[in-house]
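Asker: On the provided structure of chain A, position chain B as indicated by the hints.
Residue numbers (the numbering used here), protein chains in the order written: chain A, 1 to 438; chain B, 1 to 289.
Quick caveat, the hints were computed from the structure, so don't treat them as lab data. Using N, Cα and C, we set each Cβ at its ideal position, and we do this for glycine too. Mixed in with the good hints, there may be bad ones.
[Claimed, not checked] Derived lysine-lysine pairs resembling DSS-like cross-links, with alpha carbons at most 30 Å apart:
| id | chain 1 | residue 1 | chain 2 | residue 2 |
| --- | --- | --- | --- | --- |
| 1 | A | Lys187 | B | Lys234 |
| 2 | B | Lys127 | A | Lys437 |
| 3 | A | Lys185 | B | Lys127 |
| 4 | B | Lys127 | A | Lys264 |
| 5 | B | Lys156 | A | Lys427 |
[Unchecked claim] Looking from chain B toward chain A, a few residues come up when the C-beta cut is under 7 Å (computed):
| id | residue |
| --- | --- |
| 6 | Asp4 |
| 7 | Ser8 |
| 8 | Leu108 |
| 9 | Phe111 |
| 10 | Gly113 |
| 11 | Ser117 |
| 12 | Pro119 |
| 13 | Lys132 |
| 14 | Ala134 |
| 15 | Tyr135 |
| 16 | Thr207 |
| 17 | Ile254 |
| 18 | Ala258 |
[To be verified] Cβ-to-Cβ under 10 Å is the rule here; a few derived chain B residues that face chain A:
| id | residue |
| --- | --- |
| 19 | Ile5 |
| 20 | Asp114 |
| 21 | Ser120 |
| 22 | Ser123 |
| 23 | Ile133 |
| 24 | Leu139 |
| 25 | Ser166 |
| 26 | Asn210 |
| 27 | Pro211 |
| 28 | His212 |
| 29 | Val251 |
| 30 | Pro255 |
| 31 | Gly257 |
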Amino acid sequence: MKKTSFLWSILLVLLLVMAVSPAAWGAKVIKIGVIGPMNFVQGKGHWNGATMAAEEINARGGLWVGKKKMKVELVKADSNEFLSMTDATNAMELLLTRHKVDFIVGGFRTEAVLAMQDMAMDYKKIFLGCGAATDEICTRVAKDYNTYKYWFRHTPINSTNLGKTSFIHVGTVAAIMKKYLNIPKIKVAVVAAKATWTEGVVKVSPVILPKMGMEVVGVWRPSPVATDVTAELSAIQRSGAHIIFNWFSASAGITFSRQAGELKIPAMQVGINVEAQKDSFWEATQGMGNYVMTLNTYARGVEVNELTAPFMNRYIDRFGETPTYTADTYGAIIYALAPTIEEAETLDSDKIVAILENREYAVPSGRIAYMKDAQGRHLHDVKWGPGYETALGVQWQDGELKGVWPNRWKASADAPEITYKGVVPYKIAPWVIEKYKK
Amino acid sequence: MILDIITSGLINGSVYALLAIGFSLIFGAARIVNLAHTAFYMVASYCIYYATHKMGIHPVLAMLVAIILVTLIGLVCYRIFINPIREHEAAVLIATIALAMAMQEIMLLIFTGDFLSVPSLVSGYLKIIGVKIAYQQLLTICVALLILAGVWVLLKKTRLGLAIRSTADDREVANLMGMNESRVAMITMGVSVGLAGFAGAVVVPLTVVNPHMWMHPLIMMLAVVVLGGLGSLKGSFIGAYILGFAESLVVFLIPLGAFLKGSVALCIMILVLVIRPEGLFGVAFEEER
Chain A
1 MKKTSFLWSI
11 LLVLLLVMAV
21 SPAAWGAKVI
31 KIGVIGPMNF
41 VQGKGHWNGA
51 TMAAEEINAR
61 GGLWVGKKKM
71 KVELVKADSN
81 EFLSMTDATN
91 AMELLLTRHK
101 VDFIVGGFRT
111 EAVLAMQDMA
121 MDYKKIFLGC
131 GAATDEICTR
141 VAKDYNTYKY
151 WFRHTPINST
161 NLGKTSFIHV
171 GTVAAIMKKY
181 LNIPKIKVAV
191 VAAKATWTEG
201 VVKVSPVILP
211 KMGMEVVGVW
221 RPSPVATDVT
231 AELSAIQRSG
241 AHIIFNWFSA
251 SAGITFSRQA
261 GELKIPAMQV
271 GINVEAQKDS
281 FWEATQGMGN
291 YVMTLNTYAR
301 GVEVNELTAP
311 FMNRYIDRFG
321 ETPTYTADTY
331 GAIIYALAPT
341 IEEAETLDSD
351 KIVAILENRE
361 YAVPSGRIAY
371 MKDAQGRHLH
381 DVKWGPGYET
391 ALGVQWQDGE
401 LKGVWPNRWK
411 ASADAPEITY
421 KGVVPYKIAP
431 WVIEKYKK
Chain B
1 MILDIITSGL
11 INGSVYALLA
21 IGFSLIFGAA
31 RIVNLAHTAF
41 YMVASYCIYY
51 ATHKMGIHPV
61 LAMLVAIILV
71 TLIGLVCYRI
81 FINPIREHEA
91 AVLIATIALA
101 MAMQEIMLLI
111 FTGDFLSVPS
121 LVSGYLKIIG
131 VKIAYQQLLT
141 ICVALLILAG
151 VWVLLKKTRL
161 GLAIRSTADD
171 REVANLMGMN
181 ESRVAMITMG
191 VSVGLAGFAG
201 AVVVPLTVVN
211 PHMWMHPLIM
221 MLAVVVLGGL
231 GSLKGSFIGA
241 YILGFAESLV
251 VFLIPLGAFL
261 KGSVALCIMI
271 LVLVIRPEGL
281 FGVAFEEER
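Isolated chain B, as found in the complex:
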């Protein structure tokens, strides 16, 4: 059972981490609460489905194409819908949720509500101490962790990463130091949506593609971000795995209450916030930044 919990927790946590870090990045760098973030993850999944099933493209190539395409779509959406109203946070909230619903309806119109799927990249399973783990699940965990490592390298070891972190720390000072804050915001948006695309790519062989698949991850992603501390990448990473493992524990330990896994995870978030309102790694007061 331990191995099952670990595997399941790692998969859930990795997907939430990919989504939450992307969300935190754009919030930190540009103060944009992008509620359409998981909708891009949904669009990526549909792009992969279309490329593999209708165009006959190899799944790996389809995933790469989907990530690039979704990133471009994200940048276009940012320029048209979000950038003009960036300074008005409430308007951004409304605009992004409207954008998410519009993407849902477009997918519904094109693909209808039928449940679709994408073939696994690797079929078969491995047996470890009597527990069966699908090769696709192991691949998903490895790829997700690699991508997260790549994001860490980008942020810590590159000039772009430095610019993103500086802008997230203090926009005005970053601007004064010669960084083009609006260009950094746009690039961050691209990275953020790209991460959503990656999340779609790693998860799509394991899940069912449908126009409403963005909703549950949105709630969990917001819970992760709040749990970890708004704007904190480290917090998003750790919070994602906390909630991912919380969901796994519920399913294994309370079979009759497996449907409550989301609710339990949210309760954990609330509990943490009661004790530490700024989240695990958030800042208590604005001035501390």
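Only chain A is shown next, with the shape it has when bound in the complex:
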């Protein structure tokens, strides 16, 4: 009797273990972890883009992995990386150990992505970055290929190229202001929130801008979450700056734009203002963010290639807002992972890496090709330039976020002129015209 009860108990335990361990039955789905700050727009973009991609793949029955068709299953992981690095690494650990995902997409804050990248590499899981721009994340691949080869940046372009593009934007706006307002020499105030990703631009701006024929009248470093920047704005106005070259990724971008608009500071804002990339910026600044220009990836009505409009329209119809660049998890899954998995006919990370790093493919924001460094080592970083990824320059014009760059842009003297379909002319704020027009 006792022996029978014991045997029944063993059988019950075995059944329970098998029931809670689906992996024991053999995976029938491709598990993709989507990691990001899910309570914020950036994380929502991650999840929304990935959801659209998974639904599209599953609607056609899944992906061919060799002779087997497998559907995609997404696993959501809230990294909470704005507040806690520990939460971010815990979220990644759960994806890797508990959910045993096959691939990971997402990540936003550089500090968090660096830590999460290490964890994914330990488990040899392919991680497609869709948020962090810092160069170091990809130079790791070149320096230690065997460890970091499973990392690919999908979006955005790296910090160096973000800087390059932003300097092009400043130059473009400066040329427009010089031409229409007869200003002999443009003065620039550099305002960069105190954060890791802005350290580079603070160092190089005082060197590069004078070479572009402009004068740097001051550098200001407010807190990324500053709630009052009137002090900075008063000082900037006193400096006589015509352009404010700004770099914001958190709430200071809203505060700065709102207060600058309220006080009608006679200087045009150009640079990177992550909050200004969102549809909610207009309401958040109470309409005071008019004429703010920022680097962006998508803008309604602007088509980079034949994939842009279908993606944008579907996203807007589904989620009611313009996609931010973090929604490029869609492209990461549909255009990067899916075709590579089918070509490799396996989920084996090493085989997928070998194919993916040599591919070139179109995405709604341009064309992805992975760079190598000067020594020919893989960086798994996206190439910048005409025909590849250039990003957009967008400007708020009376409540609408319009694409204003590239508009008759030439990457070099003998390069062809580029204008994306749907861009409109840049506008100078009326109070700036009033102040400077002679």
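Answerer: This is chain B only, laid out in the frame that chain A set:
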């Protein structure tokens, strides 16, 4: 530049004073270190946002509703979470910080982490000696100073104020003199949270509303209270303006180090404490009270 520093310093100082005096009141009267104090300020800001944007209520009315609502929430929280453990100061510390984090998470759940804003009550700006000052900033300074004056009148000229001050001076003697100490504590809590609500109301047209907006003011408020002397209302008032102006001076005089304004203010607090450990207007020994 002087005018900018004065304006900026007055705004910062007034907000810190509203928060610090509320905090000092409840500490003085009931020995409660309420680390959820600035979280109530955050909740008030969200209430104003919700009332103006989702319900279409006029901003001024929304502010009044928010202050009353937050005060009621504060009183309920006091009855449920704080009053039962009032005698255990460490437990109160932990409970109030947990309460603050819970309020943060609730706001995050309802409103997500998106940055929100409330329209200014008055738009436009004034130009004084070539310096632009937004009308909303001037309104904020005036309203904050009025409220502080109102608190002074309440404490100095009313029987309730007398009861609060007596209880803060000596709880046991106040009890012996017939004052219901626990009722005074509860009323003080209401006044304290109400002041946090007022701080939210005056600041919300100037700031960005988000679930983490309570953290920096908490640190500055504690610095103000320690600088001024624990339990000293006069000290909290003066300490608030010292640190408010310190922040403004840093931003104007060290543009590259504007992000350090909080740190510099805290360094000033430490410097004062090294010279005078009880704070500017605190008491050196318990027996002196």
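Asker: Does each hint fit the structure? Answer for all of them.
Answerer: Verification of the supplied hints:
1. Among the hinted pairs, lysine 187 of chain A with lysine 234 of chain B is inconsistent with the structure: their alpha-carbon atoms are about 46 Å apart, more than 30 Å.
2. The hinted pair formed by lysine 127 of chain B and lysine 437 of chain A meets the criterion: a straight-line CA distance of about 21 Å does not exceed 30 Å.
3. Note on lysine 185 of chain A and lysine 127 of chain B: the hinted pairing holds, with a Cα-Cα distance of about 27 Å set against a maximum of 30 Å.
4. Our distance criterion of 30 Å between C-alpha atoms is met by lysine 127 of chain B and lysine 264 of chain A, whose separation comes to about 11 Å.
5. This hinted pair does not check out: lysine 156 of chain B and lysine 427 of chain A have alpha carbons roughly 57 Å apart, beyond 30 Å.
6. At about 4 Å, the closest approach between the beta carbon of aspartate 4 of chain B and any beta carbon in chain A falls short of 7 Å, and the interface hint on this residue holds.
7. The restraint placing serine 8 of chain B at the interface with chain A holds, with a minimum CB-CB distance near 5 Å, inside the 7 Å limit.
8. Because the closest C-beta pair between leucine 108 of chain B and chain A is about 5 Å apart, less than 7 Å, the hint holds.
9. The beta carbon of phenylalanine 111 of chain B is not positioned within 7 Å of any beta carbon in chain A (closest approach about 9 Å), and the interface hint is therefore violated.
10. About 4 Å separates the beta-carbon of glycine 113 of chain B from the nearest beta-carbon of chain A, less than 7 Å, and the hint is met.
11. Of the supplied interface hints, the one on serine 117 of chain B holds, with its beta-carbon coming within about 5 Å of a beta-carbon of chain A, less than 7 Å.
12. A distance limit of 7 Å between C-beta atoms decides the matter here; for proline 119 of chain B the minimum to chain A is near 5 Å, and the interface restraint holds.
13. Proximity of lysine 132 of chain B to chain A holds as hinted, the smallest CB-CB distance being about 5 Å (cut-off 7 Å).
14. At a threshold of 7 Å, the smallest CB-CB gap from alanine 134 of chain B to chain A is about 5 Å, leaving the interface hint in force.
15. Evaluation of the tyrosine 135 of chain B hint against chain A yields a violated restraint, the C-beta minimum of about 9 Å exceeding 7 Å.
16. Because the closest C-beta pair between threonine 207 of chain B and chain A is about 4 Å apart, less than 7 Å, the hint holds.
17. Because the smallest distance between the Cβ of isoleucine 254 of chain B and any Cβ of chain A comes to about 9 Å, over 7 Å, the interface hint for this residue is violated.
18. The beta carbon of alanine 258 of chain B comes within 5 Å of a beta carbon in chain A, closer than 7 Å, and the hint placing it at the interface holds.
19. The restraint placing isoleucine 5 of chain B at the interface with chain A holds, with a minimum CB-CB distance near 8 Å, inside the 10 Å limit.
20. Interface hint at aspartate 114 of chain B: satisfied, since its Cβ lies 6 Å from the closest Cβ of chain A, which is below the 10 Å cut-off.
21. Annotation: serine 120 of chain B was flagged as interfacial toward chain A, and the flag holds, the nearest CB pair being 7 Å apart, inside 10 Å.
22. With its C-beta approaching chain A no nearer than about 7 Å, serine 123 of chain B sits inside the 10 Å limit, and its interface hint holds.
23. Interface hint at isoleucine 133 of chain B: satisfied, since its Cβ lies 8 Å from the closest Cβ of chain A, which is below the 10 Å cut-off.
24. At a threshold of 10 Å, the smallest CB-CB gap from leucine 139 of chain B to chain A is about 13 Å, leaving the interface hint violated.
25. The restraint placing serine 166 of chain B at the interface with chain A is violated, with a minimum CB-CB distance near 37 Å, outside the 10 Å limit.
26. With a cut of 10 Å, the hint placing asparagine 210 of chain B at the interface with chain A holds, because the nearest CB-to-CB distance is about 6 Å.
27. Nearest Cβ of chain A to the Cβ of proline 211 of chain B: about 8 Å, under the 10 Å cut. The hint holds.
28. Using the Cβ-Cβ criterion of 10 Å, the hint placing histidine 212 of chain B at the interface with chain A is satisfied: the shortest such distance is roughly 7 Å.
29. Taken as an interface hint, valine 251 of chain B checks out: its beta carbon lies about 4 Å from the nearest beta carbon of chain A, inside 10 Å.
30. Proximity of proline 255 of chain B to chain A holds as hinted, the smallest CB-CB distance being about 4 Å (cut-off 10 Å).
31. Annotation: glycine 257 of chain B was flagged as interfacial toward chain A, and the flag holds, the nearest CB pair being 7 Å apart, inside 10 Å.
Violated hints for the displayed structure, listed by number in ascending order: 1, 5, 9, 15, 17, 24, 25.
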